[in-house]
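2 protein chains.
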Amino acid sequence: MLRPDHYFRSPPATAPAPRSVSVLAVRTLSHLRPGTLPLPRAAPPLRGKTSNTVRASAPAAREADSARMPALAHREVAQDLSAEVEARLGTRLLPSAVPVDVAEFRNGTGSAVGSLDVRRGAPGSSIDFMLQSSLHCKVPTGAIDITSILIFLNASTDAPHFLLELIQGSPTLMVVVLDLFPRKDLALHPEYIEKYYENTQLDKQRESIEELPQTRPYRSPSLFVRSAFSPTAILVTIDCGQGGEDVLEDIVRGRLASVAKGVLQTWLNSCADQALEMEEGERDSMLRRDRIVRLKSIEVDLTANLPRMFDPDVSSRVIAEIRKAFGVE
Amino acid sequence: MLRPDHYFRSPPATAPAPRSVSVLAVRTLSHLRPGTLPLPRAAPPLRGKTSNTVRASAPAAREADSARMPALAHREVAQDLSAEVEARLGTRLLPSAVPVDVAEFRNGTGSAVGSLDVRRGAPGSSIDFMLQSSLHCKVPTGAIDITSILIFLNASTDAPHFLLELIQGSPTLMVVVLDLFPRKDLALHPEYIEKYYENTQLDKQRESIEELPQTRPYRSPSLFVRSAFSPTAILVTIDCGQGGEDVLEDIVRGRLASVAKGVLQTWLNSCADQALEMEEGERDSMLRRDRIVRLKSIEVDLTANLPRMFDPDVSSRVIAEIRKAFGVE
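Residue numbers (the UniProt record's numbering), protein chains in the order written: chain A, 1 to 329; chain B, 1 to 329.
These are computed hints drawn from the structure, not numbers from a lab. Heads up, a few of these hints could be off.
Where chains are identical, the list cannot tell them apart; a pair therefore holds if satisfied intra-copy or between any two copies.
[Said to hold, decoys possible] Here are the simulated DSBU-like pairs of lysine-lysine, each with C-alpha atoms no more than 35 Å apart in a straight line:
1. K184 / K138
2. K138 / K261
3. K195 / K324
None of the values given here were measured: they were computed from a predicted structure.
Pulled out of the complex, with its shape left as it was, chain A reads as follows:
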């Protein structure tokens, strides 16, 4: 069965031969993905003004980045979502303050390029941070492209986080991970399921993707990752087979774009503003869970994989910045 992780079963072009070949794309709780969304020059900016200013100070890096990070339909979809978030959340998102050498980075031989943007939530808002990233990495069989948007909420609410990850292993094959990421033990809290997943009819979005004949369920090899998602999570491989480049692009721009937008709307309408009275113990318990999920996902994803693609100093910088965003320095 062809899956994107196969690309990483062969080591990336520039990585030293690993002792054990770990899997990148399938370790997908998924905050490893360095890289903001690659913009055509004419496209509207994805980040706030500060970000652009920061980036303007590194024109050479941006030039090289444009050259190497390919324009892909899935990145345009992510870009549209990002624009929607910024329009809706507005001043509740602070400008980015990610250092230039983390905002865009590459490995020494140029086989991998990435970018990362983190915007913290404004004081008093329910937003903890919004993280956008993009990664393009050459592998012996071609390249892998990963684009992520994570919007995590803080302790003023128990509402789920938003999580999107698109892992494109070839022009015909992609893994989609899209979820309103739960913050409570669902078996212990049926009312949480009802409030955020049943009443919002999120399962219809999942069904809408899964009814496509090109999709099959995607199962992370990490049991922890599998355990962390909601019961309506979209976890699928879209495999359009040989010659299916146009089919994949149509699905991405059509059904996938529509479903991702639908899930985001649900999150914006039902989660992003849900400040909530909670008992102290309940809040502590939620924060403890949040912290373990964040730590574990960084351990599973980043520390295992990023150093295989980027030089140690680069991966350390990127990991440090993501740790900072996650509040688990």
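We have chain A; now place chain B onto it with these hints.
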């Protein structure tokens, strides 16, 4: 997509037309299944001596039961598993004390027949109860047959429960639900995942079933049910298509039997004896979770569905007995 729940989208032959047609087989946390495993007369007993004695007092009922509960390969598989459990747990299982009219029951028109057996764990053991049930119910398109084995542990351990449910919707189609059912919030307890699911390599059993071309993932329509299973749970539909009666039987007697035995062995070796020191708060939290899962599964399954198949007095008796076993009277 043909699924067993379709059989119940039409009301059972004898049930009053329901206002809302609820789904039986897919509401599968699944303790609704009245009925012990139907035994050919020559087969070794499934229950302890007391059970047989109880049953011997109702020869007429047994006669009718034998006539109506068809012998099926999946029931033989369950019977073998049950025999293995009884051999291994031995005196840790008390004899059954289920009343005769719950041990075997039927509806007034004879379109549905079921049986239930519950054996409590002996004092000082880690076993809470072992529940075996079988149900045969005629529906307009044929019949549905459900066989279950649940072995729940008590608060002396946090080890997972054992849960098997086989829902046969036709001679060519079956849903398999097989899990070591977790008792902790897995996202909060990665060490629990490691201990009971990773180190035991349970995922290989799941893969062994899912690699069959006749299987596809089974997804319960209940989001709560989906949330309650472990990440290595086997939740599949085996669909052998028109004319595939022999294929299904071969799979059931071959791969399914082997996998179910493997999972049971893991449970017997790694869970059934795992008495564990726990802090009081930890134990309380686990018991609270256990209780909600039990209550919710009874609500989802039994109270919604059993009265649709059996006369009210019968379903009430059966539900009461299961509530007693579950400790949620």
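Query - Hints breached by this structure - result: Failing hint: just 1.
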